[in-house]
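As you go down the protein sequences, you meet chains Y and A in turn. Numbering follows the numbering used here, in which position 227 of the first sequence is assigned residue number 353; successive positions increment by one, without gaps. Numbering follows the numbering used here, in which position 237 of the second sequence is assigned residue number 363; successive positions increment by one, without gaps.
Note that these hints are calculated values from the structure, not bench results.
One copy or two, either will do: identical chains are not told apart, so a pair holds if it fits within one copy or between any two.
Derived lysine to any residue pairs resembling SDA-like cross-links, with alpha carbons at most 20 Å apart:
| no. | residue 1 | residue 2 |
| --- | --- | --- |
| 1 | K453 | R151 |
| 2 | K453 | E167 |
| 3 | K460 | Q326 |
| 4 | K460 | D487 |
| 5 | K204 | D362 |
| 6 | K261 | P236 |
| 7 | K261 | E383 |
| 8 | K453 | D185 |
| 9 | K183 | D452 |
| 10 | K204 | L181 |
| 11 | K261 | P278 |
| 12 | K261 | A249 |
| 13 | K261 | E280 |
| 14 | K453 | D487 |
| 15 | K261 | A282 |
| 16 | K453 | N128 |
| 17 | K460 | S162 |
| 18 | K460 | G149 |
| 19 | K460 | R151 |
2 protein chains.
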Amino acid sequence: MNIGVLGAGQLGRMLALAGYPLGNRFTFLDTTGSPSAGVGEVIVDPDNQHLAEFLAKVDVVTYEFEHLPVTLVQEIEKHKPVYPSSRAIEVCQNRVEEKALFDRLNIPTPAYRVVESAEQLEAAARELGCPVVAKSVTEGYDGKGQAVLKAPEEAAAAWQSIGHAQLVVEAFVDFVREVSMIAVRGRDGEVVFYPMAENQHVDGILRYSVAPLPDLDVQMQQTADTYIRTLLDELDYVGVLALELFQTRDGSLLANEMAPRVHNSGHWTMDGAVTSQFENHLRAVQGLPLGSTQAIAPTCMVNVIGREGDNAAMLALANTHLHRYDKAERAGRKLAHVNVVAATHTELLEKVRACQALLPDAPPVEWSFTNTL
Amino acid sequence: MNIGVLGAGQLGRMLALAGYPLGNRFTFLDTTGSPSAGVGEVIVDPDNQHLAEFLAKVDVVTYEFEHLPVTLVQEIEKHKPVYPSSRAIEVCQNRVEEKALFDRLNIPTPAYRVVESAEQLEAAARELGCPVVAKSVTEGYDGKGQAVLKAPEEAAAAWQSIGHAQLVVEAFVDFVREVSMIAVRGRDGEVVFYPMAENQHVDGILRYSVAPLPDLDVQMQQTADTYIRTLLDELDYVGVLALELFQTRDGSLLANEMAPRVHNSGHWTMDGAVTSQFENHLRAVQGLPLGSTQAIAPTCMVNVIGREGDNAAMLALANTHLHRYDKAERAGRKLAHVNVVAATHTELLEKVRACQALLPDAPPVEWSFTNTL
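If we strip away everything but chain Y, and leave its shape as in the complex, we get:
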């Protein structure tokens, strides 16, 4: 089966690496003009001239990036099956639609307002109580198009800096940790869930994801499972869905946002789970049985951002797995990740700290459960 992928970055690359063993071939449609997948056949098509060529090659289409024109995806759907569907893209690329869906499905979220002017932003900031986070409704990615307001008076400056006609304003959440759920739904409706991961972001960019969590109670995992299953079923979803949540001090989970694709916070599954998120996404989109999502051992994903570290020294640490994306160094760019696996969380922490020391500019790892180890 030839899998068509919209987008040709590192997520597409890792999908292909997981799919070759299943016998798949890959054709990427790159609309940016700067593909980096480095495997498979890449059709560079920034002006949307080669869609017919792409469609002629592929049996089924998926994507590594949800900020695509919905009309493009709808057009593709007329010719080939697309998983997840354009409906998932439509919802996930629009924060207002996404919040409305969470509300409709009774999935709790932080308090929020939708605003369409600096004045409304200021009013929302007063109502919700500062600090608040203002986010553009569309095209947000990795902390871009966002601003934190420490006081309502900062509304005008924030409005201008974001530069969008519609924003979602969210109350700050007093969270214990940021977590994420990765789940997979097959074409037959079967759903499997990975153990929840704890994520550490710095300046809006993911730096560390660790799973499974030693202090997670079963009920909280089940609550998260229920939330994401509701979303999957509602969207008649096929493939991997990622859902980021806040775990609050009172023990509840608030949905932050979701992504209709394989997700950076699921990269730990490549070495830490029986079946990786990439393989399970591909199994789902081609109608194969889903693989076990069981964790093998405590695993931490360490992102390599901007500059590469001492790769040889990291590989010298036992059970440390390097995943480079074959991209040139550039500030803020995701270049690689390292999956560190250990027998215990205590040993894991030591090894992650050793990795961190080998990576330029990597922030200290801070797990919510460090003091319980």
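Could you slot chain A onto chain Y? The hints should help.
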């Protein structure tokens, strides 16, 4: 680093899939005219016209197939580092040299004779006692160029059917099992060893490899480690070396043959060990630290030969990993393998039997230790 690979079959394919995450790129030189790697850049060069082009692209050269002209490899060595060296190829593609090396290094082998006529073959069969196995000195691969003589009188027919000017004749060994060692030597001389695997061949073709072995005593593993380390050091070897041995009833190990490359009996490491043989081979050839060879759990590699099985049903078995080579079906052809992983050997056996039932023509699995489970 761009890795040049001589040969473009499934072993090269799996090397590439292991090397992309390390940031490698791959250029294959295919001398057969029918490459099947399906990844990387393939230079099809049956008439040896494109060597300069290949050399211009690559930083270091390795190979997936040892039956290459030694002169070609020596020519390449003048321009780029080749690991393992042409010396390893020279030894491994010639059974007489190989046996002589085993003898010189005091690595025990089955009793053998070198013969150069049907008459000498008959005499050797009498001396060694039938049955004996006669093998062509060069170009043997997967049971081709071999004959079993049940009586000395079969010498003339065997000589004719093999059709080579020089044969090695080996006494049959009353073995408990066939095992293999996979070891890796780095550019700095560091050596790591995988746990020994038990192999089941049918008609000279490998069907199952299982590791680690529940009934293997530490001393036997250490003996095998010593044998292969002696070979690695003697050849100043870099990369993965595979050594097939017989375990006899009296508990000794006799070396059968070796292969200077990643090996089918090491495919279990892709899902059953911390670092796969493919990744460790690539780490070695580019001078990176070697990865842990520790087994994660009992694992059995099941070869898919000639015809594919019910892949969807196999993927429905938990912790079963499919590795397809993207090749068309053909009698006797290796098309894929399945790695089955389980918590215990008993569970593993059940799952392997379930796999076998889903594969056309797969022989019943027979492990030497089945009755101890």
